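Asks: Start from the sequences, fold in the hints, and give me the full structure.
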Amino acid sequence: MWFVKFLSGPLSGQSLPLKSGLNVVGRAHHCDVVIPSANISKEHAQIDVYPDKIIISDMNSRNGSFVNGLQITRHKLRSGERISLFDVIFEISEKLPPNQRIAQSSLPMAESGNLAYNQLPGALTEATPGDSPELVHEPSLSPSPTTPTEKNLATYLQKYLDEVVMPGVYKIPEWMEFRLALGLFVAIYVIGVTALSTIPLVKILKASVEKEAQNRAQTIARSLARDNKNAIMQGQFSLVTTEYANSEPGANSYVISNINGDVLAPPQLAGQYLTDIDFVNEARKLNSGSVKQIDASTIVAVEPIQFYDSRTGSNSTAAHAVVKYNMGTLAVDDGRTLSLVVQVLFIAALSGGLLYFFLYKVILHPINSLNDQISTALRDGSGHISTSFQFPELQKLATNINSAIHRGGGGGFATENLQDFEADRSLEMLNIIKMVGFAAITVNTNTNTIAAANDHFISQIGQNSNWNNLPVDNILDQALKLNIRSLVDRVQTSPSQIMADQLEVSNCSYDIAAQGIMGSKNLAYVLIAFIPRTGGE
110 MWFVKFLSGP LSGQSLPLKS GLNVVGRAHH CDVVIPSANI SKEHAQIDVY
160 PDKIIISDMN SRNGSFVNGL QITRHKLRSG ERISLFDVIF EISEKLPPNQ
210 RIAQSSLPMA ESGNLAYNQL PGALTEATPG DSPELVHEPS LSPSPTTPTE
260 KNLATYLQKY LDEVVMPGVY KIPEWMEFRL ALGLFVAIYV IGVTALSTIP
310 LVKILKASVE KEAQNRAQTI ARSLARDNKN AIMQGQFSLV TTEYANSEPG
360 ANSYVISNIN GDVLAPPQLA GQYLTDIDFV NEARKLNSGS VKQIDASTIV
410 AVEPIQFYDS RTGSNSTAAH AVVKYNMGTL AVDDGRTLSL VVQVLFIAAL
460 SGGLLYFFLY KVILHPINSL NDQISTALRD GSGHISTSFQ FPELQKLATN
510 INSAIHRGGG GGFATENLQD FEADRSLEML NIIKMVGFAA ITVNTNTNTI
560 AAANDHFISQ IGQNSNWNNL PVDNILDQAL KLNIRSLVDR VQTSPSQIMA
610 DQLEVSNCSY DIAAQGIMGS KNLAYVLIAF IPRTGGE
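In the working numbering, the protein residues as written are 110 to 646.
Take the hints with a grain of salt, since some may be wrong.
Said to hold, decoys possible - Below, simulated DSS-like cross-link-like pairs (lysine-lysine); rule was C-alpha separation at most 25 Å, straight line:
| # | residue 1 | residue 2 |
| --- | --- | --- |
| 1 | Lys320 | Lys268 |
| 2 | Lys401 | Lys312 |
| 3 | Lys268 | Lys151 |
| 4 | Lys114 | Lys128 |
| 5 | Lys338 | Lys401 |
| 6 | Lys280 | Lys470 |
| 7 | Lys280 | Lys320 |
| 8 | Lys114 | Lys505 |
| 9 | Lys114 | Lys162 |
| 10 | Lys590 | Lys543 |
| 11 | Lys394 | Lys338 |
| 12 | Lys162 | Lys505 |
| 13 | Lys185 | Lys151 |
| 14 | Lys268 | Lys312 |
| 15 | Lys505 | Lys268 |
| 16 | Lys128 | Lys151 |
I should point out that these hints are in silico values taken from the structure, not numbers from a laboratory. None of the values given here were measured: they were computed from a predicted structure.
Replies: What follows is the structure, encoded as structure tokens:
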């Protein structure tokens, strides 16, 4: 049997049973779950209990129904989710928590366990801190599809990521503004995309250019073989010519040789032997057209000149057309590679800039929305915090804020407790020291740490090191540490008075002035300004 456990509202601390099937929640007496509150509609929502799932639906209520701070019309509940009906917050569990009374008597005993709403019976649910042992299911006896070795490896990797890798990543937004940290991640992404995409692009481009050049060299060799075939068949070697290749750009060396490798044309090379061109002797043995890339810019193509030999009854090779082709400007050199890298980097930077803009806005929007809603709720003493983002962690945060705001006498942000609330003064301290035209810092009197320091202080006195949240006792400059400690002690004694002192740092003399800033009850922080002394004083 399932129970509704109320966390806030007029039934806070009570549990009501749910029957299988449809359960109507509202303030009317005929409802299955009656909540005596004027903020609840007569028929506010319905809860459908099935063997393997629980569905909650809003019944066109006046104030709406919310799950984890997100307004819903129909929703399948999952383990740990909290339902909010205006200021009434509750959750659904299978076992009645210990030490809680049941609003109705003569209820059957519920089985042990806290079954997740979207899992079949027997599934294991995760216990949260503070749960009693009996609220956790015993492990399922059914065999797990994941072997222990895989589970241990996954657990180890997750632990290594959370405890070793991510702490360093989390430090980056502490060292710089969040938007700069996000920009750094996007910049790393852009550089990585550029590097990983340029390498295959260069290879593809180079292979394409080389293939085109090889086809061109082989075409020239075939044309030479076709033009000289008749002359060689008739034995008229004086008619053999390479005139066609003279007009072809890139063909810087071309010859017609007989079967023995003696050059027949061009005339200036006639009688010489083919020894200075690589790959030729290997290609002549193949008796078929072949082409090969010799180096980054040189290609050799060999085409046999064949005709039918009546003595052998087959085609025989009488000569070869050899072309040495220079790719020249077509070759992929360092200049072309650099040009490709720049183009890819520009495109990646453009897309990365758009990615950064939308990521920053998507992260910033729900935070600003929650801040505005919290400010309104604290000012008016009522309201409901919600988020439309499908982000479970953010929805859980909204639910917890609602619980704190509407808890009443239990502490938190209830109206009667606002007088004890101390606002965060971090932004105020940062803005005040930026307004000071001299070196200035603020000291948090509660933690005795440097809460904020402006650029003048960092460059003139702080030696360009990180002073934020630095304990006063950890300041290396002993004179500066003693002066700050003395000023803070004197300000705590008389917060309304300006305390003065003098200090010399790096051959520069400063007049130091300290003023206490009061909080709601006590001294919140101390503002200390370092005013350079002129040479005549």
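Asks: Hints first: check each against the structure and report whether it holds.
Replies: How the hints compare with the structure:
{"no.": "1", "hint": "Lys320 x Lys268", "verdict": "violated, 50 Å"}
{"no.": "2", "hint": "Lys401 x Lys312", "verdict": "holds, 18 Å"}
{"no.": "3", "hint": "Lys268 x Lys151", "verdict": "violated, 50 Å"}
{"no.": "4", "hint": "Lys114 x Lys128", "verdict": "holds, 14 Å"}
{"no.": "5", "hint": "Lys338 x Lys401", "verdict": "holds, 23 Å"}
{"no.": "6", "hint": "Lys280 x Lys470", "verdict": "holds, 22 Å"}
{"no.": "7", "hint": "Lys280 x Lys320", "verdict": "violated, 51 Å"}
{"no.": "8", "hint": "Lys114 x Lys505", "verdict": "holds, 17 Å"}
{"no.": "9", "hint": "Lys114 x Lys162", "verdict": "holds, 17 Å"}
{"no.": "10", "hint": "Lys590 x Lys543", "verdict": "holds, 22 Å"}
{"no.": "11", "hint": "Lys394 x Lys338", "verdict": "holds, 19 Å"}
{"no.": "12", "hint": "Lys162 x Lys505", "verdict": "holds, 21 Å"}
{"no.": "13", "hint": "Lys185 x Lys151", "verdict": "holds, 23 Å"}
{"no.": "14", "hint": "Lys268 x Lys312", "verdict": "violated, 39 Å"}
{"no.": "15", "hint": "Lys505 x Lys268", "verdict": "holds, 24 Å"}
{"no.": "16", "hint": "Lys128 x Lys151", "verdict": "holds, 19 Å"}
This entry does not satisfy hints 1, 3, 7 and 14, going by the numbered hints stated previously.
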